[in-house]
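Engineer: Okay, here's what each chain looks like letter by letter:
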Amino acid sequence: MTVVADVSRLSKAAGLHQRGLAWRSVVLPWFLPLGLLLVWQFLSATGIVSTAIVPAPSDIWDAARQLAKRGELQHDILVSLRRVAIGFSIGALSGLLFGLAVGLFELLHDLFDRSLQMIRTIPHLALVPLMILWFGIGEEPRLILVAMGSLFPVYINTVGGIRNVDPKLIELGRSYGLGRAELVWSIILPAALQPILVGMRYALGVAWLTLVVGETIASRDGVGYLVQNARELLRIDIIVLAIILYAIAGWLSDLVTRLIERRLLRWHPSYADRVKA
Amino acid sequence: MSGASVSLRSVGKSFAGRTVLNGVDLDIAAGQFVSIIGPSGAGKSTLLRLVAGLDAPSRGRIELRATGHKADVRLMFQEDRLLPWRTVLGNVLLGVKGRKGDAGRILDAVGLQGRESEFPVGLSGGQRQRVALARALIHEPDLLLLDEPFGALDAITRAAMQLLLEQLLVARPRTVVLVTHDVEEALLLSDRVLLVKDGGIARDLIFDQPRPRHRSDPALATLKEELLDGLLTAERDLAAVA
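Protein chains in written order, with numbering that gives the first Met the number 0: chain A, 0 to 276; chain B, 0 to 241.
Calculated from the structure, these hints are not laboratory results.
Where is the CB? At the ideal position from N, CA and C, for every residue including glycine.
Heads up, a few of these hints could be off.
Here chain B is said to cover these stretches of chain A; the calculated rule only asks that three of the stretch's residues, wherever they fall, bring their Cβ under 8 Å from a Cβ of chain B [stated by the list, open to error]:
| no. | stretch |
| --- | --- |
| 1 | 25-36 |
| 2 | 184-193 |
Simulated restraints on C-beta separations [unchecked claim]:
| no. | chain 1 | residue 1 | chain 2 | residue 2 | range |
| --- | --- | --- | --- | --- | --- |
| 3 | A | R162 | B | D203 | 42 to 48 Å |
| 4 | A | E139 | B | E78 | 50 to 56 Å |
| 5 | A | E181 | B | D228 | 47 to 53 Å |
| 6 | B | A154 | A | R173 | 54 to 60 Å |
| 7 | B | R8 | A | A180 | 50 to 56 Å |
| 8 | A | S93 | B | A154 | 41 to 47 Å |
Partial selection, computed: residues in chain A whose CB lies under 7 Å from chain B [claimed, not checked]:
| no. | residue |
| --- | --- |
| 9 | Q73 |
| 10 | Y175 |
| 11 | L177 |
| 12 | W266 |
| 13 | P268 |
Just chain B, same shape as in the assembly:
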């Protein structure tokens, strides 16, 4: 299986004395698609930023391993973070050395062929996230980190983007960690769902339903109910503390 494996050992993170994550142990196998769900403020994004290396953990150790080379990690943010002064092509080629010929193929793959020379200002929210996805994928990352990338999109665009992501991963498998607040999205896409709560991993669920999955699948629906219940109790707990 291609992709990087990830291992976290008693990882903790505090901001100005407030503990966000505490003693997180986690192993992600190469090629696995893991979703992280949890109530807002539970530390999902913090966990992702630690794995991305954008922040350093306060405690513990994080290791990324890819076969034969240093693991290449790309992060896709909730906001597209496109550079408005660069064209679609210019944005996709950000930080690319060599391999510039791949841009056309990637833009084809995300359905933006023919839009290369446009500036982001003229693109819709879904198209902008497609560019952001192409920008992450052109590096052929071993580990793709997605921080609620479709959270700001409308339902139809979101479904289209989920489908696109799944297709792209079938074509070129890699390890993916997706932070989402959408339980259904997590169950549609991932091999494994983590529920983060109180600074730690409260549930770790392997979900090996065959793909492509459907929202109406009874197994998916049952799990969705169960996870939503878990999330609701977590939200209630948080509210009680606050």
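Okay, chain A solo, but in the shape it has when bound:
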């Protein structure tokens, strides 16, 4: 008799392979950023790149520690986080509500969609001067801008998601006696969930972007203010620090939304395997 394959050995190999994959997905993504950091430090330390143009990573670390000691860093980060959280929540929630209303009711679609699409094409950052004239330099203009930036990605994806639900599934729901409300709850909303979450993720990116601009103009705190202040004091290290903070914030918020997505879409073919693993 010929043994075609030793099953026990095969499965052991598969286990190893999986552990290898886990290692890869956790460690490998950090390879490039950490490597770049080392190269950067090396270039600065050897004087190949002047620290007057780009400060060394160690200088930036020192700047961060100084600011943290005075409590400024923590304060500015918290202020910015709070602004994004409030602005994004208001914007995403309104986008979701408008999107649901317009996607589900033909009448509201005809009434609102054209107007919302027109407003959408205005770059919301163009409204900065107007916002300052109307609301002064308090919190409101920043929050409104962040909310406006987050609203439309969620709105468009919600409407699109609802309108693109597989008609075969809707027909199925009807033929199984679902009422309008049940049809929305059991079929339309779950089917539209993925595009809605994509819209949310995109909106979160826009929210941070808007905040950078909003805080650069006439503000007294926040990461954007940190940059503005540093520019006046010619502190390049702090400017680069702020940019790194934005990168970390963007990465973290993306991570959170991905985790939420993975949980809510665990039935989805693209997510199912990763959940099992």
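Starting from the structure of chain A, add chain B where the hints point.
Structural biologist: For chain B alone, coordinates are given in the frame of chain A:
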């Protein structure tokens, strides 16, 4: 006999000026298992959708009658149409009010006990159609409409599903209309075979061979040849027109 009876009177259906069905008269007795065969594009599925009430006929009248109550009709599609975001149990319970305890029994009957909390993404094609069948049967429909439900399955799974369907119907008889392109399937399962062609019923055949039937049965084999011949001429006619 339990189940609903169906009657169609000069039923016609046109889509955008193109006539698909024309002057169809048909009576199906309660509890009868009727198969509809015919060349592709002959209007088999259209006929089924009209009976299901998914589309309205352009002409004529369709009546479903069940004793004592409004006839409950369930349709099973060629694609399983499972809701991917619902578990097996959640899919079976779609639209079920009360009677939720029946789900366990139905899932047992289709051989899916213990899989209740799985999502459809992990199921094979045959298992998915079993869920779809359970979802239709939990409503104890008077009329079960099957639109090529096993057409996309491999031969072995299909044979298993045919056997399962037959067993379930022996346990709880009801009226069934099956659209299929598989003549053998039609002859294995049904009391009556209709050949749909040119927008009407070209042949209406009562087949009362005792059950369970076997593919090798000579009576079945003879009829199969005859019906296949009929289908082939129909396909040729269609090709000539096109």
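Engineer: Starting from the hint list further up, note which numbers the structure goes against and sort them upward.
Structural biologist: The structure breaks hints 1, 6, 7, 8, 9; every other hint is satisfied.
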